[in-house]
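Protein chains in written order, with this note's numbering: chain V, 1441 to 1667; chain S, 420 to 498.
Some hints could be false.
[Claimed, not checked] Calculated cross-link-like contacts (lysine-lysine; reagent style DSSO-like; alpha-carbon spacing at most 30 Å):
| id | chain 1 | residue 1 | chain 2 | residue 2 |
| --- | --- | --- | --- | --- |
| 1 | V | Lys1475 | S | Lys483 |
| 2 | S | Lys438 | V | Lys1475 |
| 3 | S | Lys429 | S | Lys472 |
| 4 | S | Lys483 | S | Lys429 |
| 5 | S | Lys472 | S | Lys459 |
| 6 | S | Lys472 | S | Lys421 |
[As the list claims (entries may be wrong)] Calculated from the model, a selection of chain V residues having no Cβ within reach of chain S, i.e. all distances over 10 Å:
| id | residue |
| --- | --- |
| 7 | Glu1534 |
| 8 | Asn1586 |
| 9 | Arg1636 |
Worth flagging that the hints you see were computed from the coordinates, not collected in a lab.
C-beta: ideal position from N, C-alpha, C; glycine also.
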Amino acid sequence: MKAGIVVFPGINRERDMAIALERSSGVKPRMIWHKETDLSGIDLVVIPGGFSFGDYLRCGAMAARSPVMRAIQDHAARGGYILGVCNGFQILTEAGMLPGALLRNASLRFLSMDCHLRVERADTTFTARYQRGQTFRAVMAHGDGNYIADTDTLDRLEGGNLIAFRYADAAGEATPDANRNGSARAIAGIYSPNLRVLGLMPHPEDLVDPLMGGADGKPLFDALAAA
Amino acid sequence: MKATVTVMLKTGVLDPQGKAIAHALGTLGFTGVNDVRAGKVIELDLTETDPGKARAAAEDMARKLLANGVIESFRVAVE
């Protein structure tokens, strides 16, 4: 599918995301400046990581109210695909497109390290190239990744099978030690009810080539390219 | 009119910054601090001269941007 990457001032992971998308699809994604409002021809909108608008007020708060977001809301309403990674996930929650919020990491420390993600379901367009219950390595680089939502929302996410990934150890156990940022129910990523919007904190685009130290994230982009 | 919006994390939402401040106060020898909560104060200089309308406008701004209702509560003072 044809991808576009949204670029806000302060975003810094758009080029890594472009490499990952192009590597799997063979097509250069379109870069979408935050003041643009025309997303025609785009099947997949990707909101990459970084520090949009300097994380002023709250992470993602300013970006969530910028002109392009209205077009992204319309894209979602049409059933379009959206992937938000790290700051992109924060922006999607701030925009109300995914439930919950991302708080400061429980340790108060910026976490820059590998983690393992357990694939909670492999029947979505994003995870079709993974196996359910499989873990894969991804890179965390965030100060505010501590997922929180009220109990009803968490129950609804679990009941609706909308949790995409959980922090786990390499063997796939969601242990407290593996949940470094303190996220509720070890949630690392969630889907919208129609499974077309995915937000997650760790960076699958950081591992798409053996030269990067692994290709654990590549199946996600391969699956999107094939859809 | 001037409106002051105070934004705090909701009760029950873990406030790691407040905890860190409490810890640092303890390190400095301040005893008797049961708990610390950290928040934000946002001052708005409004052209509106009617206190009721100024308050309503500030509350609308808080709901739509200044506070995230998922994790934060707010209160508005107008003067």
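Consistency of the hints with the structure:
{"no.": "1", "hint": "V:Lys1475 / S:Lys483", "result": "holds, 20 Å"}
{"no.": "2", "hint": "S:Lys438 / V:Lys1475", "result": "violated, 39 Å"}
{"no.": "3", "hint": "S:Lys429 / S:Lys472", "result": "holds, 26 Å"}
{"no.": "4", "hint": "S:Lys483 / S:Lys429", "result": "holds, 17 Å"}
{"no.": "5", "hint": "S:Lys472 / S:Lys459", "result": "holds, 23 Å"}
{"no.": "6", "hint": "S:Lys472 / S:Lys421", "result": "holds, 12 Å"}
{"no.": "7", "hint": "Glu1534", "result": "violated, 7 Å"}
{"no.": "8", "hint": "Asn1586", "result": "violated, 8 Å"}
{"no.": "9", "hint": "Arg1636", "result": "holds, 22 Å"}
When the structure is compared with the earlier hints, violations turn up for hints 2, 7 and 8 and for no others.
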